[in-house]
Amino acid sequence: MALPLLQYKPSTQNHRVSSFGVADKNEDTPYIYRLEDVSSYTDIQSIIWASYRQVFSEHEILKFNRQKTLESQLKNGSLSVKDFIRGLAKSEAFYRLVVSVNNNYRLVDITLKRLLGRSAYNKEEEIAWSIVIGTKGFGGFVDALVDSEEYDQNFGDNTVPYQRKRMEGRPYNLVTPRYGADFQETAGTVRTDWRFVLENFYTAKAKTKRLKEGDPGKYAEMAASLSGRGNYAQKISSFDIDYLNAVPYRGRR
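Per our numbering, the sequence shown starts with residue 1, numbered consecutively.
Since the hints were made in silico from the structure, they are not lab data. No experiment lies behind these values; they were computed from the predicted model shown. Cβ coordinates follow ideal geometry from the N, Cα and C atoms, glycine included. Treat the hints loosely; a few may be bogus.
To be verified - FRET-style restraints, in silico, Cβ to Cβ:
(1) Asp152 / Thr203: 53 to 61 Å
(2) Asp152 / Asp43: 19 to 27 Å
(3) Tyr202 / Gly156: 57 to 65 Å
(4) Asn103 / Tyr31: 31 to 39 Å
(5) Lys207 / Glu92: 47 to 55 Å
(6) Asn122 / Tyr219: 36 to 44 Å
(7) Lys207 / Val247: 36 to 44 Å
(8) Ile127 / Glu150: 16 to 24 Å
(9) Gly217 / Asp152: 54 to 62 Å
Sequences and hints are given; from them, build the entire structure.
Following this line, the structure appears as structure tokens:
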């Protein structure tokens with residue numbers, strides 16, 4: 001018996017804000033590819049490559065990653081755009097390039113960006129979907145997203161998924177799947193130098209930084225730098241001041 005999807009509260013993000021119409025459209029507004037708009041062979045090719053860009057990302061569109069069987073089925077009408085997207089996400093190439101090099105939490109966020117056009121709401125949603133991956137496998141996770149009400153309402157059967165609402169930073173289909181900290185440690189692209197770790201942990205500066213705000217120990221160094229000599233008033237008698245020479249005189253003497 002499969003575990004039910006955990007409940008999570010959606011946070012307010014760009015894709016949940018109602019559209020402002022023309023004011024939302026600029027050079028970053030994605031072009032929407034629909035099967036209903038196809039009138040030639042070139043149009044169907046455009047839909048195929050738009051699907052590859054969305055699911056595989058720009059830098060992974062290589063000849064040996066193409067799924068020619070799925071392309072042929074889409075061209076002859078035996079496959080909808082929705083099932084073409086499903087097939088790309090469940091392909092061996094996608095598993096090798098994206099799934100196998102990420103932990104489940106980051107995989108959830110990347111897959112939501114590729115298939116639903118949005119990032120994960122919060123950590124609660126990442127945990128909920130990662131449980132689905134653990135119980136149903138990645139293929140079951142893809143089916144749950146593509147068959148969801150959210151997917152049907154936004155893309156239906158014949159629209160290529162796209163980033164919903166305004167662009168912020170890097171486009172979702174350009175998020176590098178191999179840039180996670182886990183993969184970098186495994187691949188050796190990041191080497192931990194324990195000398196710096198120990199230095200950052202045991203130095204006086206690091207210890208002071210870990211103190212809570214308001215702790216007197218945080219100001220010990222500043223207190224030690226103060227001079228012990230008091231700033232007392234100078235003892236000067238009024239009879240010692242030469243007023244005639246101290247006050248400016250503009251006239252002749």
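Check each numbered hint against the structure and report the violated ones by number, ascending. 7
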